[in-house]
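Chain A is fixed; fit chain B onto it per the hints.
Protein chains: 2
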Amino acid sequence: MLKIHIFIFLASSLRLFGSLDPLPSWNPGPAKTSIIEFIKATCDESSPNYVPPGKRFATFDQDGTLWVEHPLYTQAVYCLDRILELSIKAPKLSVVEPFKTLIDQSKSENLTFRALEKAINFASSGMSVEQYQYDVIRWLEKAKHPRWEKPYTELIYQPMLEVIQYFQANGYQTYIVTGGGQDFLRAYSEKTYNIPTEKICGTIGETEFKYGKNGKPVLIKKLNILLRDNFSGKPEGIHLMIGQRPHAAFGNSNGDQQMLEYTAGGDGSRLMMLVLHDDAIREYAYGPAENLPNTLVGTFSQALYNEAKQSGWIVISMKKDWNKIFSFD
Amino acid sequence: MLKIHIFIFLASSLRLFGSLDPLPSWNPGPAKTSIIEFIKATCDESSPNYVPPGKRFATFDQDGTLWVEHPLYTQAVYCLDRILELSIKAPKLSVVEPFKTLIDQSKSENLTFRALEKAINFASSGMSVEQYQYDVIRWLEKAKHPRWEKPYTELIYQPMLEVIQYFQANGYQTYIVTGGGQDFLRAYSEKTYNIPTEKICGTIGETEFKYGKNGKPVLIKKLNILLRDNFSGKPEGIHLMIGQRPHAAFGNSNGDQQMLEYTAGGDGSRLMMLVLHDDAIREYAYGPAENLPNTLVGTFSQALYNEAKQSGWIVISMKKDWNKIFSFD
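Sequences listed follow chains A and B, in order.
Sequential numbering of the first sequence, starting at 0, is according to numbering that gives the first Met the number 0.
Sequential numbering of the second sequence, starting at 0, is according to numbering that gives the first Met the number 0.
Same shape as in the complex, but just chain A (with noise of 0.2 Å):
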C-alpha cells in the first residue's frame, strides 16, 4: 500500500514537472511535437509569443473530430429514434412531411441534410430546455453505436481527450464548436470531456421565455434557429461566445475550413489541426483519397487538404498518429 502511494506521488510530481508524456495516445512525430511546441510557445513567459493565460482559448469540432461520426452522427440517430418514437405514439405523424419523407429516407439510408435539419428542430421544439436534455441523457444511456456496440459517449478520441486535458492542464479554456445542437451537446459534454455547458458554441436554436403551469418561468425551445455553427457559422459563433480568436483549433472536415483560417488570421503562435480518417480498420477511412459513401457526414476534401499543407497546418493520421483511438482499445 505505501509502495502505490509513493508510486503515485512520483508519478503525479514527474507529470507535475513535465517528466512523463502528456499525450501517451499519440505516436511520435510532427503532430504530437506541433501541439508540445506550441504550448511551450504559448504558455512559456520567457517566449516572445506567450499568451497570458485569461487570453488562452483553444476550440475542437465535434463529430469526427471528439467522436466517431460514422455512419451518422449521434444527434441524427437520436432525432431519428425520436421522430420513429414519436411517430407510434401518434400514428397519424408519419404519413404527414417533413416526417413520412424522412421515415421513409431513414429506411431507404437515403436521408438528405434539409430533411434531417428539419426533423432535428421539430424533435426538440416545443419541449423546455430542461426537458430536451433529460431526454437526450435517457437516450444516450441505452443507445448503442451499431460497429462497437457500445455508448456513443465511450466512443470518445482518446488521444483527443488527452489533447484537452494537456490544453486545460496549461491554462487553456477549452470550447467545443460543432455544427450540432447546443442543447444537444450541453447535456453531456461535462461528464463526457470535462467542458461545461458555458464553454459549448454550437447551432443555436432560439428559445422562448414562458410561464411553466406553476408559474416557474421556463425557456422553451423553438423552430427558429439563430445561428447555424458549421463553415462560416463557427467563426461568427465562436466571436458570439467567446469575442476573442483562438489560439488553437481542431477539425476535421470542409465545415470547419473558415475556424482554422479565423484562428491562423491571428498573430503569435497558432495551431490549426485536421483530424484524417485514414484508419479503416480501427476507425473508418473517408479523407480525401479514401472513398467511403456518406450523403451526410461532413467530408474533407483535396481542396481543404491542399490549403492545410500550403498554411502550415497540421493534417493528424489516426492510422499514423494514434497508437489508440478509444480509452477501450
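Take these hints with a grain of salt, some might be off.
Identical copies go unnamed one by one, so any copy, or any two together, can satisfy a pair.
With a cut-off of at most 35 Å between alpha-carbon atoms, the simulated DSBU-like pairs for lysine-lysine come out as follows [claimed, not checked]:
#1 K54 x K149
#2 K319 x K215
#3 K39 x K209
#4 K54 x K143
#5 K54 x K212
#6 K209 x K141
#7 K215 x K54
#8 K117 x K221
#9 K117 x K88
#10 K143 x K88
#11 K39 x K190
#12 K215 x K318
Quick caveat, the hints were computed from the structure, so don't treat them as lab data.
Quick caveat: nothing in here was measured; it's all calculated off a predicted structure.
Structure of chain B alone, referenced to chain A:
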C-alpha cells in the same frame, strides 16, 4: 517598511479569514446582510444549499446597475457622437433617414428608442469587430459625462464593483447581461469590471465572416440583430451564453424582471436584487415613487417594485444602503 509589510500581511490574513469587510461601501442593513448570507449559503460546504464551484453563476445588468445611465445610456451617447461625426464627414447623410430624424431628435431631446436602435445598428455595421471596438475605446478615452465631467468608465458604482469582486473571490463566474450591445461592452469590460469578453452577454448583432484586403479573415458587423438581450431576451441570452440558471441576479429596471424571475425559478438559495435610484443628490432619483422624466432610460415600475416585495427580492436603496456611490466620492 517592515511595519507596512506586517500590516499588509495581517490585512490579507484577516480578509482571507473573513474578518475584514468584503463590502466596505455598503452600510449595515438587510441588503448587505442578504449578500453575505447568500455567499455563505452557497459556498460553505456544510450548507444544505451548497453549490459546487463550476455551477456558481451570477449575472449583472449594466446600465443603472453597474454604472450611471442618466441622462442617456452611454452607448446611445457614443452612437449619437458617431452619427454626428459621420454626418460632418458626409453632409448628405444628415438629410436622409433615419439620420435626419435622429439628428433633429437628438437636438430636441425627444429621441425615440426605435430611431436610436436603427442608428446604433447603422453606426457599427460594415465595420470589422476589431475596428468597431477600437473606435469605442478611442471614444471612451475622450468622452465625458456632462454632470461629473469624468470618463464614463469612472462612473461605476463602487458598491457593485465590491459585489463583483466578492462573488469572484468566492468562486462565482460573474457575467454582465446587458440590453446594450455585446461588442460595445466587450471593448472595455475587462479593464473596467475585471470581466472578460467571454462573460459578456448582450444584444447580439449578426456578424459575417469575410476575407479582408490582405486575405486575413475578419468578422464584419451586420445590421441584423440575432437576440435583443432585454426583458424575456435576458434569460434567453443567459441560456445561450451560459446554459444554466444563475444563482444570483442584479438589475434595476423592468428590462431585468424576467432575468430575476428566471433566477428565482431555480432551487436552493437564490439572490435577486434591484438597485433603486433614490438618491437625487449623489446620483439620480427615478424609482417608482420618483418622477424624473426620461423617454429612453429603463423604468423601475411600481408593478416591479410590488413583485420584488412579494417575492422576497431585495431592493437596494442607493441612498440608505451605499455609503459611497463612486470610487472618487
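Checked hints:
{"no.": "1", "hint": "K54 x K149", "verdict": "between (37 Å within a copy, 30 Å between copies)"}
{"no.": "2", "hint": "K319 x K215", "verdict": "between (54 Å within a copy, 32 Å between copies)"}
{"no.": "3", "hint": "K39 x K209", "verdict": "between (49 Å within a copy, 31 Å between copies)"}
{"no.": "4", "hint": "K54 x K143", "verdict": "between (39 Å within a copy, 30 Å between copies)"}
{"no.": "5", "hint": "K54 x K212", "verdict": "between (43 Å within a copy, 26 Å between copies)"}
{"no.": "6", "hint": "K209 x K141", "verdict": "within (31 Å within a copy, 43 Å between copies)"}
{"no.": "7", "hint": "K215 x K54", "verdict": "between (38 Å within a copy, 20 Å between copies)"}
{"no.": "8", "hint": "K117 x K221", "verdict": "both (12 Å within a copy, 26 Å between copies)"}
{"no.": "9", "hint": "K117 x K88", "verdict": "within (20 Å within a copy, 48 Å between copies)"}
{"no.": "10", "hint": "K143 x K88", "verdict": "within (22 Å within a copy, 64 Å between copies)"}
{"no.": "11", "hint": "K39 x K190", "verdict": "both (28 Å within a copy, 27 Å between copies)"}
{"no.": "12", "hint": "K215 x K318", "verdict": "between (52 Å within a copy, 33 Å between copies)"}
Every hint from the earlier list agrees with this structure, and none is contradicted.
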